[in-house]
Amino acid sequence: MPEYTLTPFEFFIYLAVMAGVTYLLRLLPMLFIRKPIKNRYVRSVLYYMPYAVLTVMSVPAIFYVTDNVFSGIAAAVVAIVLAYFERSLVTVAAGAAATVFICELIAKLIQQ
Amino acid sequence: MNIQNKFTKGISDGLPIGLGYLAISFAFGIMTNVYGMPVYEGCLISLFNLTSAGQLAGLPIIATGGSLVELALTQLLINLRYSLMSVTLGQKFDKSITVIDRLYLAFALTDEVFAVSVGNKARLGKKYLLGLMLLPYIGWFSGTLLGAIAGNILPELLVKALSVAMYAMFIAIIVPVAKTSGAVCATVGISALFSLAFAYIPKLSSVPSGFVIIICALAASLIIAAIAPLKDDVEEVKQNA
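Protein chains in written order, with our numbering: chain F, 1 to 112; chain G, 1 to 241.
For the record, the hints were derived by calculation from the structure and aren't laboratory data. These figures come from a predicted structure and were not determined experimentally. All residues carry an ideal CB built from backbone N, CA and C; glycine is no exception. Treat the hints with care, as some may be off.
Chain G regions said to be covered by chain F (calculated; three or more residues, Cβ under 8 Å) [unchecked claim]:
#1 99-108
#2 123-136
#3 157-170
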């Protein structure tokens, strides 16, 4: 991970842009659109979008957030299995984290 | 139509959301630490944004000093769904809600707050909505604070382990829906393929993370929406249930 070098001033500019865009997306339709969106294609794109976004953000990032790829892959598999059986968010997260913890521990022991 | 405007009812509806947010934002707090961000900056992001995927996508752009255009476009695309929710929620407001009220009620419009709001048969008043949004907001902020602090004091191995939590939660959101909807499953498959291409094909791998999200997610949802458009309102209702 590269060094974090932003000054507070630079950070505030990023924060303002990020928060501003997000807030306006939430506010403007509520202020100005007073009728439901009928267009089927637009509604469909917006329905599928969150799943696409979450997928792109998780794959392959989850494999590389840990020290070795194998613990990341193991965590992803455990998370998918737990999610398939509809466990809660916290259970899925804890299961994946525990998997990484155990894998990395084993990896450390082997290296010694 | 009835009007729901009890603050206490809002609080009790918001409690489970707030507890859930505590866990998700804890994972986000850990990530701010992984990127070396000061605790107070991570907290400020959560105080002013209140959006899990948007914040996690924004984090690497901010931490690596990426372009503001990339940051703005990424947030625009990832959070575009709020605009759709904003239209629907705005039409469920009680008549007494003014334009001024909308200025602050829009701020805490999240997926879960929206789901509870539209699940409510009555028109919604200001007091109910403020109650509903209060605990999720507090949960979101305090989870981030706790996660960022935990990232600083916990052993490195434990922080590494916890840093997968956020991605695991995303998987927990995706998989149950993909299991029952072929179209969502295809969306996930296609966007994963695009994302892998951007990660491993040499020329594509230099594209900044925010643009990768925009290109892949937009392409996947445009394609699937063309092949499998929603039939009627049924699927939209199901998503928000």
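Now the hints, each set against the structure:
Residues of the stretch 99-108 of chain G with a Cβ under 8 Å from some Cβ of chain F number 6, which satisfies the need for three, so the listed coverage holds. For the stretch 123-136 of chain G, the proposed coverage by chain F is not satisfied: 0 residues have a C-beta within less than 8 Å of a C-beta in that chain, short of the threshold of three. Counting residues of the stretch 157-170 of chain G whose CB falls under 8 Å from any CB of chain F gives 13; the rule of at least 3 is met.
When held up to the earlier numbered hints, the structure conflicts with hint 2 and nothing else.
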